Amino acid sequence: MSRMKSEEEYRKTKAFHFFRWLSGEKDPYIGNLEMRPQKEYMRAEDSILDRMRESQMVMDKVYDTRHNRWLLLFRRFYRIMAVIFCIMLAGLLLFTVSYLPPTGNASNPDNNEVASRYIESGMQETGAVNIVTGMILTYRAFDTFGETNVLFIATCCVMIMLMVEDAELKKQEVMNDRRFEPKNDAILQGTAMVLVPVIFIFGIYIILNGHLSPGGGFSGGATIGAGMILYASAFSFKDTQRFFDEKVYKIAKISALCVYGLIGIYYYVTGANGIENHIPLGIPGHIVSAGIIFPINICVGLEVACTMYAFYALFRRGGL
Amino acid sequence: MTVFQYILLGFLVVCAISVSFSRKLLNSILIFMSYSLVMSIIWICLESPDLAITEAAVGAGVTSVLFFVTLKKIHAIDESGTKDERESMIERRRR
Amino acid sequence: MRFMHYSEEEGCKVGANLLNNYGEAVAMVLFVIGFGNLMLQSNLIKKIIGLNIMDTAVYLFLAEKGYITGRAAPIVADGVQSAEAYINPVPSGLVLTGIVVSVSVSALMLSLTIRLYQRYHTLDLDEISLQLKKEGL
Numbered sequence: 003m004s005r006m007k008s009e010e011e012y013r014k015t016k017a018f019h020f021f022r023w024l025s026g027e028k029d030p031y032i033g034n035l036e037m038r039p040q041k042e043y044m045r046a047e048d049s050i051l052d053r054m055r056e057s058q059m060v061m062d063k064v065y066d067t068r069h070n071r072w073l074l075l076f077r078r079f080y081r082i083m084a085v086i087f088c089i090m091l092a093g094l095l096l097f098t099v100s101y102l103p104p105t106g107n108a109s110n111p112d113n114n115e116v117a118s119r120y121i122e123s124g125m126q127e128t129g130a131v132n133i134v135t136g137m138i139l140t141y142r143a144f145d146t147f148g149e150t151n152v153l154f155i156a157t158c159c160v161m162i163m164l165m166v167e168d169a170e171l172k173k174q175e176v177m178n179d180r181r182f183e184p185k186n187d188a189i190l191q192g193t194a195m196v197l198v199p200v201i202f203i204f205g206i207y208i209i210l211n212g213h214l215s216p217g218g219g220f221s222g223g224a225t226i227g228a229g230m231i232l233y234a235s236a237f238s239f240k241d242t243q244r245f246f247d248e249k250v251y252k253i254a255k256i257s258a259l260c261v262y263g264l265i266g267i268y269y270y271v272t273g274a275n276g277i278e279n280h281i282p283l284g285i286p287g288h289i290v291s292a293g294i295i296f297p298i299n300i301c302v303g304l305e306v307a308c309t310m311y312a313f314y315a316l317f318r319r320g321g322l
Numbered sequence: 743m744t745v746f747q748y749i750l751l752g753f754l755v756v757c758a759i760s761v762s763f764s765r766k767l768l769n770s771i772l773i774f775m776s777y778s779l780v781m782s783i784i785w786i787c788l789e790s791p792d793l794a795i796t797e798a799a800v801g802a803g804v805t806s807v808l809f810f811v812t813l814k815k816i817h818a819i820d821e822s823g824t825k826d827e828r829e830s831m832i833e834r835r836r837r
Numbered sequence: 093m094r095f096m097h098y099s100e101e102e103g104c105k106v107g108a109n110l111l112n113n114y115g116e117a118v119a120m121v122l123f124v125i126g127f128g129n130l131m132l133q134s135n136l137i138k139k140i141i142g143l144n145i146m147d148t149a150v151y152l153f154l155a156e157k158g159y160i161t162g163r164a165a166p167i168v169a170d171g172v173q174s175a176e177a178y179i180n181p182v183p184s185g186l187v188l189t190g191i192v193v194s195v196s197v198s199a200l201m202l203s204l205t206i207r208l209y210q211r212y213h214t215l216d217l218d219e220i221s222l223q224l225k226k227e228g229l
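Protein chains in written order, with the working numbering: chain U, 3 to 322; chain B, 743 to 837; chain H, 93 to 229.
Please note that a few of the clues may not be correct.
Unchecked claim - Each computed SDA-like pair below joins lysine to any residue, with the alpha-carbon atoms no more than 20 Å apart:
| hint | chain 1 | residue 1 | chain 2 | residue 2 |
| --- | --- | --- | --- | --- |
| 1 | U | Lys185 | U | Tyr233 |
| 2 | U | Lys172 | U | Arg55 |
| 3 | H | Lys139 | H | Leu204 |
| 4 | U | Lys173 | H | Gln210 |
| 5 | B | Lys814 | H | Lys225 |
| 6 | H | Lys157 | H | Lys225 |
| 7 | H | Lys225 | U | Lys240 |
| 8 | H | Lys157 | U | Ser118 |
| 9 | H | Lys226 | U | Leu73 |
| 10 | H | Lys157 | U | Phe97 |
| 11 | U | Lys172 | U | Asp187 |
| 12 | U | Lys240 | U | Gly321 |
| 13 | H | Lys225 | U | Leu73 |
| 14 | U | Lys240 | U | Gln191 |
| 15 | H | Lys139 | U | Ile89 |
| 16 | U | Lys63 | B | Thr824 |
| 17 | B | Lys814 | H | Asn109 |
| 18 | H | Lys225 | U | Asp187 |
| 19 | H | Lys225 | U | Arg55 |
| 20 | H | Lys139 | H | Lys226 |
| 21 | U | Lys173 | U | Arg319 |
Said to hold, decoys possible - Partial selection, computed: residues in chain B whose CB lies under 8 Å from chain U:
| hint | residue |
| --- | --- |
| 22 | Gly752 |
| 23 | Asp792 |
| 24 | Thr796 |
| 25 | Ala799 |
| 26 | Val807 |
| 27 | Leu808 |
| 28 | Val811 |
| 29 | Thr812 |
| 30 | Ile816 |
| 31 | Ala818 |
Unchecked claim - Examples of chain B residues toward chain U, derived with CB under 10 Å:
| hint | residue |
| --- | --- |
| 32 | Pro791 |
| 33 | Ile795 |
| 34 | Gly803 |
| 35 | Lys814 |
| 36 | Lys815 |
The set of hints was computed from the structure by calculation and includes no laboratory data. No experiment lies behind these values; they were computed from the predicted model shown. Cβ coordinates follow ideal geometry from the N, Cα and C atoms, glycine included.
Using the sequences and the hints, build the whole thing.
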C-alpha cells in the first residue's frame, strides 16, 4: 500500500495493476479462456470394503490361471515373442556393429574437419583451455540452453505432481516423513558436519574451473546438489530452510535461466549483424578468462544444483 | 589396459542381467548404483574426464537417492519385485 | 562368403570388426538387456531401471565413437594444439547433455510412479491396467 497517495489514486496507477497481475489476484483471461472446475478427488473413507472387494477381484482375474486358459496362453505367447524379438534385435545390432569402422582408428569418417577446427582454433576463439567446455558453451551454446530449459521444465512438472499446498496435508506429510526414523543419528551428523563444507568447496571449485580443467557447470552443480541432499538428510529440513527455502529457490532458478538467455540474445544480435562484441577473451590459463564462459558456467551450475535439491525435497516432503 | 577394460565391460553386463533377475527391489537398486559407478570408470578409460565426474555425481549419486526415496514413500522397501511369490501365496490361500 | 568381403577403400575389412569394436558390441548388448527389461517386467520400478540401462548403453556407444587410440583427453596441455594430439571432442559434448537429461526423465517417471501408487495402491502394471479398464478409460 502506498503511503504517498490515497487509496483511490493508488488504484488507478500502473504499479497497482502490475502487482495485482503478478500476484495472481486478477486474471485477465476470465471470461475468455475458462477452464472447467476439476472433479474433486474422493477420499476413500467410506469405501474401504469396496476397495478390498476390488483388489480381491483384481487378484482373481489377473492371477487366476487355472480357470482362464486364454490368459495363460497369452502370457506365455507374449513372453516367448518378446524374448525372440530381443534376440533378433541383438543379432541385427551386432551385425551392424561388425560393419562399422574399427574403434580408435584416426581415419574414421567422424573425425573430420569439424573436430580439427574445434581443436586447432578452439583456444584462440573461445579462450578456454578445456576444449569440450569451450565447445558446448560457445560453439554449441544453444544446445546447452535447451538442456538447461529441460531441467527447468522437469522441475516444474515434478512440482505439479508432488507439491502439497494444503496446510493440513502439509503437516501430515512432514510428520509422516520423520516419524519412523531415528532422529539425530550421531554418526550421520558427525560425518555430515565434516564432509558438507568440503563438498561445497569442491563443487564451487569445479564450477569456477570449468574452462581450465575437467568439470564445468553440470558436474559442479550436481556435486553441490548432492552436498545439499546430504545436509538435508542428516539434519532436519528446518536447518536447510534457513538458507534455502522456496523464495530463494524461485529467484535463483529464474534468474539463472534469464541471465543465460540474455547473454545468448546479445551474442546472436552482435554476431548476426557483424558487430563486434566487446567481451575480452583474456589470457588462456587464467581463471578470469575465456570471455563469457565464466558467467554461463555459474548460471548452469546454480540451475543444476537447485534442480537436484528440489527433486529430493519434493519427493521427501512435498514441498521445499 | 585392454584386459582391464574387458573385465569392466563384463562386470557391466553381469550387473545388468542381475538387475532383472533379483527378487527384492532394494537389491536391484543397489546393483544399479554399482553399475553407474563402473560406467564412470569406463569413461575415464575412454579419456573423457568431464563425463566421468558428471556420471559419478549424477548416476551413482542423485538418481539412486531418488529411487530410494521413492521406495520409502510408497512403503515398498521390503517388497519383492516378481509376481511368482504372490501367485504362490494366492494358491496357498485358496487351498 | 559375402561377410568376408574385402573393401578397397582405406583397407578396412567390412563385416569382420565385431571383436575389434568390443566396446560397441557390449553397448548393443546392454541396450537389448535394458529393452527386454522394459518389455518383460511387470513391476514399474524395474521398468524404469531398464530405461536407465538403455540410456547409459547409448552414451557408451557415443563415447566409443569419439575415442582415438594413443591420444590424450581434450584439454590443451603444454600449448600443443594440433589436431593429432587429442581425441574427438564432439561426441563428449553430446553425451554430457544426455546424462543430465536422463536424470530429469528418471525423476519425472518416479514421481508418476508415486502418484500411480497413491491412486491404485499397487506397483504392478497388469493390475493397474485392469483397474483402468474397469473405470472405462
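Here is how each hint holds up against the structure:
1. Lys185(U) to Tyr233(U): holds (14 Å)
2. Lys172(U) to Arg55(U): violated (31 Å)
3. Lys139(H) to Leu204(H): holds (13 Å)
4. Lys173(U) to Gln210(H): holds (18 Å)
5. Lys814(B) to Lys225(H): Distance ~29 Å between Lys814(B) and Lys225(H) Cα, so the pair is violated.
6. Lys157(H) to Lys225(H): Distance ~46 Å between Lys157(H) and Lys225(H) Cα, so the pair is violated.
7. Lys225(H) to Lys240(U): Violated. Lys225(H) to Lys240(U) sits at ~44 Å, over the 20 Å cutoff.
8. Lys157(H) to Ser118(U): holds (16 Å)
9. Lys226(H) to Leu73(U): The hint holds at about 17 Å.
10. Lys157(H) to Phe97(U): It holds: about 17 Å lies between the C-alpha atoms, which stays within 20 Å.
11. Lys172(U) to Asp187(U): violated (25 Å)
12. Lys240(U) to Gly321(U): It holds: about 12 Å lies between the C-alpha atoms, which stays within 20 Å.
13. Lys225(H) to Leu73(U): holds (16 Å)
14. Lys240(U) to Gln191(U): Holds. Lys240(U) to Gln191(U) sits at ~15 Å (cutoff 20 Å).
15. Lys139(H) to Ile89(U): Holds, at about 19 Å.
16. Lys63(U) to Thr824(B): Roughly 18 Å separates the two Cα atoms, so the pair holds.
17. Lys814(B) to Asn109(H): violated (47 Å)
18. Lys225(H) to Asp187(U): violated (47 Å)
19. Lys225(H) to Arg55(U): holds (16 Å)
20. Lys139(H) to Lys226(H): Violated - the C-alpha atoms of Lys226(H) and Lys139(H) are around 24 Å apart, more than 20 Å.
21. Lys173(U) to Arg319(U): It holds: about 9 Å lies between the C-alpha atoms, which stays within 20 Å.
22. Gly752: violated (16 Å)
23. Asp792: Since the shortest Cβ distance to chain U is 5 Å, the answer is holds.
24. Thr796: holds (5 Å)
25. Ala799: holds (4 Å)
26. Val807: holds (6 Å)
27. Leu808: holds (6 Å)
28. Val811: holds (4 Å)
29. Thr812: holds (7 Å)
30. Ile816: Violated, about 11 Å.
31. Ala818: This hint is violated: Ala818(B) lies away from chain U, its Cβ roughly 14 Å from the closest one there, beyond 8 Å.
32. Pro791: This interface hint holds because 4 Å falls under the 10 Å limit.
33. Ile795: For Ile795(B), the interface hint holds, since the closest Cβ of chain U sits about 4 Å away, which is under 10 Å.
34. Gly803: holds (5 Å)
35. Lys814: At about 8 Å, which falls below the 10 Å cut-off, the nearest Cβ of chain U leaves the hint on Lys814(B) intact, so it holds.
36. Lys815: Holds, because the Cβ-Cβ distance from Lys815(B) to chain U comes to roughly 7 Å (cut-off 10 Å).
The structure fails hints 2, 5, 6, 7, 11, 17, 18, 20, 22, 30 and 31 (numbered hints given earlier, in ascending order).
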